[in-house]
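Peer 1: First to last, the sequence lines map onto chains A and B. Using our numbering, you'd call the opening residue of the first sequence number 1 and step up by one each time. Using our numbering, you'd call the opening residue of the second sequence number 1 and step up by one each time.
A few of these clues could be false.
Identical copies carry no separate label here, and so any pair may be met within one copy or between two of them.
List time: in silico BS3-like cross-link candidates among lysine-lysine, alpha-carbon distance up to 30 Å [unchecked claim]: (1) Lys255 <-> Lys344; (2) Lys113 <-> Lys87; (3) Lys57 <-> Lys196; (4) Lys457 <-> Lys104; (5) Lys409 <-> Lys22; (6) Lys396 <-> Lys336; (7) Lys196 <-> Lys54; (8) Lys371 <-> Lys323; (9) Lys483 <-> Lys457; (10) Lys22 <-> Lys259; (11) Lys409 <-> Lys451; (12) Lys189 <-> Lys336; (13) Lys310 <-> Lys404; (14) Lys344 <-> Lys310; (15) Lys250 <-> Lys22; (16) Lys323 <-> Lys336; (17) Lys409 <-> Lys383; (18) Lys325 <-> Lys57; (19) Lys428 <-> Lys457; (20) Lys396 <-> Lys54; (21) Lys371 <-> Lys396; (22) Lys383 <-> Lys180; (23) Lys77 <-> Lys113; (24) Lys57 <-> Lys296; (25) Lys104 <-> Lys428.
If you're looking for bench data, these hints aren't it; they were derived computationally from the structure.
Protein chains: 2
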Amino acid sequence: MAKDFPTREENYAQWYNDLVIKADLAENSAVRGSMVIKPYGYAIWERMQAALDKMFKDTGHVNAYFPLFIPKSFFSKEAAHVEGFAKECAVVTHYRLKNDPDGKGVVVDESAKLEEELIVRPTSETIIWDTYRNWIQSYRDLPILVNQWANVVRWEMRTRLFLRTAEFLWQEGHTAHETKEEAIAETEKILDVYTKFAEEWMAVPVLQGVKSPNERFAGAVETYCIEALMQDGKALQAGTSHFLGQNFAKAFDVKFLSKENKLEHVWATSWGVSTRLMGALIMSHSDDNGLVLPPKLAPIQVAIVPIYRKIEQLAEISEVAVKIKDALENLGIRVKYDDRDTYKPGWKFSEYEFKGVPVRLAIGPRDLENKTVEVARRDTLEKEVLHIEDIDIKVKNLLEQIQKNLFQKALNFREDNTRVANTWDEFKDIIENKGGFVLAHWDGTTETEEKIKEETKATIRTIPLNAKSDPGNCIYSGKPSNKRVIFARAY
Amino acid sequence: MAKDFPTREENYAQWYNDLVIKADLAENSAVRGSMVIKPYGYAIWERMQAALDKMFKDTGHVNAYFPLFIPKSFFSKEAAHVEGFAKECAVVTHYRLKNDPDGKGVVVDESAKLEEELIVRPTSETIIWDTYRNWIQSYRDLPILVNQWANVVRWEMRTRLFLRTAEFLWQEGHTAHETKEEAIAETEKILDVYTKFAEEWMAVPVLQGVKSPNERFAGAVETYCIEALMQDGKALQAGTSHFLGQNFAKAFDVKFLSKENKLEHVWATSWGVSTRLMGALIMSHSDDNGLVLPPKLAPIQVAIVPIYRKIEQLAEISEVAVKIKDALENLGIRVKYDDRDTYKPGWKFSEYEFKGVPVRLAIGPRDLENKTVEVARRDTLEKEVLHIEDIDIKVKNLLEQIQKNLFQKALNFREDNTRVANTWDEFKDIIENKGGFVLAHWDGTTETEEKIKEETKATIRTIPLNAKSDPGNCIYSGKPSNKRVIFARAY
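Produce the complete structure using the sequences and hints provided.
Peer 2: Right, here's the structure in full:
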């Protein structure tokens with residue numbers, strides 16, 4: 001396994017890119033800005049999907065599917081939405097190709113021009129609310145708790161694998177409610193689902209909060225978010241949950257007859273996480289030796305490697321190895337026994353280390369004699385020799401320990417890299433020289449927010465939920481502020 | 001539940017369309033030719049996906065994801081493929097919108113024209129083989145056994161929900177092999193997977209065979225297919241598995257160093273099934289009372305309805321109903337206990353009947369006294385009163401029986417509607433007046449095939465695999481033929 005890639009210290013951006021490609025997670029495609037998600041990367045994404053999908057269903061949601069294409073005119077219906085979304089989009093203008101009269105390949109058939117252009121969905125509020133109009137007549141039809149797993153396209157100029165791609169995979173929930181309170185409760189419930197998923201599955205600690213008006217989703221009344229901190233000190237928005245008020249119901253004329261027999265506009269939420277989470281996962285835990293995966297999301301949780309000189313020894317080792325494999329699989333653990341004779345043990349060790357397999361077991365002739373197994377954990381790179389008795393239980397416990405350790409390590413990192421700034425100079429110094437989250441007072445205006453961004457590239461990542469009142473003065477304008485917000489440079 | 005829709009006899013096409021809409025499976029969207037798959041329909045599709053995905057993985061396949069967009073020039077690389085696919089496609093020509101100078105909505109920004117147009121994938125052979133070129137160097141990199149779950153777009157002029165839509169959901173497998181034999185074996189293995197899925201999960205019997213050259217996938221050397229027969233006597237192609245030879249490897253220059261150290265082109269297969277299967281499922285089993293679903297794919301397998309006059313009686317009934325529900329769920333059965341007081345039992349009966357729930361249990365005061373339950377099965381519409389003892393086991397057995405019965409009924413229907421034609425008059429008479437599959441001799445030429453299609457609208461659905469030699473004369477041309485093929489009018 002090739003280790004010819006820079007350390008995080010040397011070049012963090014290159015380290016990330018090389019890691020994604022060399023660990024077989026994803027690669028760039030022939031289509032600018034679109035990636036290919038390779039089987040190993042997709043296997044991780046599938047586990048994320050399965051866990052999230054179960055959490056959505058456990059909280060009463062169902063899946064559905066809406067069209068990829070959205071008529072152009074739909075984007076003009078919600079005023080804020082069009083500003084935020086209708087700009088960098090893929091536009092379908094024709095529906096046919098024909099043979100080039102010159103005999104070279106195919107050309108667009110100009111006679112097959114669409115009357116109205118179709119936009120490849122950048123997000124689906126418009127087409128979904130156009131649909132909900134027919135689904136909702138009375139309060140009996142509410143709530144609608146629908147989620148969709150889909151691909152979306154936003155024409156990004158500067159792309160990075162998983163973090164920012166023209167096409168990406170995501171889920172988008174779109175719910176409809178009788179009351180404002182119920183819609184807000186839904187928005188918050190989903191924020192909790194996302195938080196639980198990030199922390200318990202991805203082992204990535206996140207801050208919960210709301211966005212400043214400037215960073216809100218185009219068309220939302222309030223955008224809730226979870227924010228994670230990467231190892232280079234930059235923040236990453238890991239998921240958003242929007243309270244949309246009645247904006248889309250008004251734009252698409254979606255009304256219901258209430259229990260009080262009044263015609264009212266429906267209240268809405270939307271929420272999503274995407275393949276961007278793959279970027280967060282990779283950047284949170286991986287190191288200069290390669291990928292580090294939390295056991296709950298690792299496609300292979302345990303790799304077993306036989307150590308032998310002569311092929312005759314392999315049969316004896318395999319007998320033990322297969323027993324261990326079966327015992328582990330009976331506990332629901334995903335195991336690969338790698339008895340390929342075409343690669344040396346050292347090569348396999350590097351391979352599983354590089355690909356982030358949480359636990360590697362090695363069994364050699366001496367282990368057979370001593371009834372032992374060498375157990376190596378990826379997170380700490382520690383090795384120990386354990387007696388074979390109850391090895392399945394020991395490994396199961398170790399996997400749980402690794403899952404917890406990764407979370408704790410990431411939490412410690414975030415705590416070590418969350419700083420309070422009380423003056424503008426302090427703020428600039430931290431952002432420039434230390435990175436991480438900065439807790440600072442802000443006067444609440446978009447003007448100040450934008451000036452801070454201009455001068456430091458730092459943005460308000462989130463306004464923490466339930467922060468205690470803590471009066472002070474805006475680090476930039478000196479105007480009064482009643483609580484601190486979180487600033488950082490961000491992905 | 002509204003039953004104001006025609007019987008199959010009165011108007012089969014309308015019956016199908018109304019059923020899909022009124023049973024909340026899918027509906028037309030604001031985008032011409034694109035459907036919305038509603039939660040109840042999507043829940044069935046999810047079960048199909050889960051079953052198929054497991055079968056693919058059990059046969060060694062992994063999932064990945066490739067771009068939605070394909071550069072236009074890729075389509076010109078495989079000569080047959082461009083003829084078959086590059087015509088009716090959605091073409092992306094621009095990547096930005098801007099505010100209309102007139103102040104009305106948004107217009108396409110002409111300055112954001114793509115240098116090369118992008119085609120929304122109608123199928124992914126081209127982009128995938130362009131990718132495989134970088135994945136494959138030596139025989140050690142083979143086989144590649146990759147599947148993708150994705151949406152695709154083919155610009156259809158006449159669309160029908162699930163059966164033919166501009167956008168549809170599907171899976172497409174794309175495999176790469178060292179040898180011709182291995183690729184053919186893969187093609188056949190997948191045909192068996194599809195057959196098993198159709199028959200064991202969907203309860204739809206299918207014929208296995210290959211397509212005539214005229215009906216082959218554009219770019220394939222051989223197209224294997226499974227064909228089902230619908231209740232109106234029309235055939236429906238339910239899945240295809242293509243042996244692609246070295247066509248795509250040559251078009252995209254994908255070579256590998258063989259064990260003999262020679263540079264050779266890679267052998268390929270591709271295979272897919274789509275949301276079209278939903279149409280096959282609905283049309284195979286449903287009746288004039290609504291949807292009929294095979295238990296294995298039904299989102300709700302058992303509905304329990306309490307019968308009571310006074311609300312006081314409900315608590316007592318619920319106690320028994322919940323116990324039954326728990327016992328059934330412990331056996332892995334999907335149950336809904338419908339204790340809504342806002343609807344009458346009769347309304348609920350119609351609802352579950354219309355939505356195809358395989359088994360409905362009803363419990364009233366007299367049942368409490370007698371320790372009985374009324375059990376109604378959807379497939380035969382029969383009811384019986386059973387003692388409550390071991391009701392969970394009885395229902396489980398009944399579900400298995402229903403699954404088998406649906407398959408047997410569909411198989412009987414197909415056998416009753418498979419006829420032999422020995423003369424052209426006989427052939428025309430069957431096609432025109434009886435429908436179904438017709439076994440007839442064909443001279444093997446595309447010319448004859450097309451003339452038969454012109455005159456009768458019947459096409460060769462499949463050339464059965466392993467059919468015994470049975471010499472005769474072509475029903476149309478009188479030329480010699482050594483085995484019969486299957487003709488039918490088709491969806």
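Peer 1: Give a verdict on every hint.
Peer 2: Structure-based check of all given hints:
| no. | hint | result |
| --- | --- | --- |
| 1 | Lys255 <-> Lys344 | between (67 Å within a copy, 27 Å between copies) |
| 2 | Lys113 <-> Lys87 | both (21 Å within a copy, 13 Å between copies) |
| 3 | Lys57 <-> Lys196 | both (15 Å within a copy, 29 Å between copies) |
| 4 | Lys457 <-> Lys104 | neither (49 Å within a copy, 35 Å between copies) |
| 5 | Lys409 <-> Lys22 | within (25 Å within a copy, 54 Å between copies) |
| 6 | Lys396 <-> Lys336 | within (15 Å within a copy, 36 Å between copies) |
| 7 | Lys196 <-> Lys54 | both (13 Å within a copy, 28 Å between copies) |
| 8 | Lys371 <-> Lys323 | within (13 Å within a copy, 50 Å between copies) |
| 9 | Lys483 <-> Lys457 | within (22 Å within a copy, 75 Å between copies) |
| 10 | Lys22 <-> Lys259 | between (59 Å within a copy, 25 Å between copies) |
| 11 | Lys409 <-> Lys451 | neither (34 Å within a copy, 73 Å between copies) |
| 12 | Lys189 <-> Lys336 | between (37 Å within a copy, 25 Å between copies) |
| 13 | Lys310 <-> Lys404 | neither (39 Å within a copy, 54 Å between copies) |
| 14 | Lys344 <-> Lys310 | within (12 Å within a copy, 76 Å between copies) |
| 15 | Lys250 <-> Lys22 | between (49 Å within a copy, 27 Å between copies) |
| 16 | Lys323 <-> Lys336 | within (12 Å within a copy, 42 Å between copies) |
| 17 | Lys409 <-> Lys383 | within (19 Å within a copy, 62 Å between copies) |
| 18 | Lys325 <-> Lys57 | between (32 Å within a copy, 19 Å between copies) |
| 19 | Lys428 <-> Lys457 | within (10 Å within a copy, 76 Å between copies) |
| 20 | Lys396 <-> Lys54 | both (23 Å within a copy, 25 Å between copies) |
| 21 | Lys371 <-> Lys396 | within (19 Å within a copy, 47 Å between copies) |
| 22 | Lys383 <-> Lys180 | neither (55 Å within a copy, 46 Å between copies) |
| 23 | Lys77 <-> Lys113 | both (24 Å within a copy, 25 Å between copies) |
| 24 | Lys57 <-> Lys296 | both (19 Å within a copy, 20 Å between copies) |
| 25 | Lys104 <-> Lys428 | neither (58 Å within a copy, 43 Å between copies) |
Against the hints set out earlier in the document, violations occur for numbers 4, 11, 13, 22, 25.
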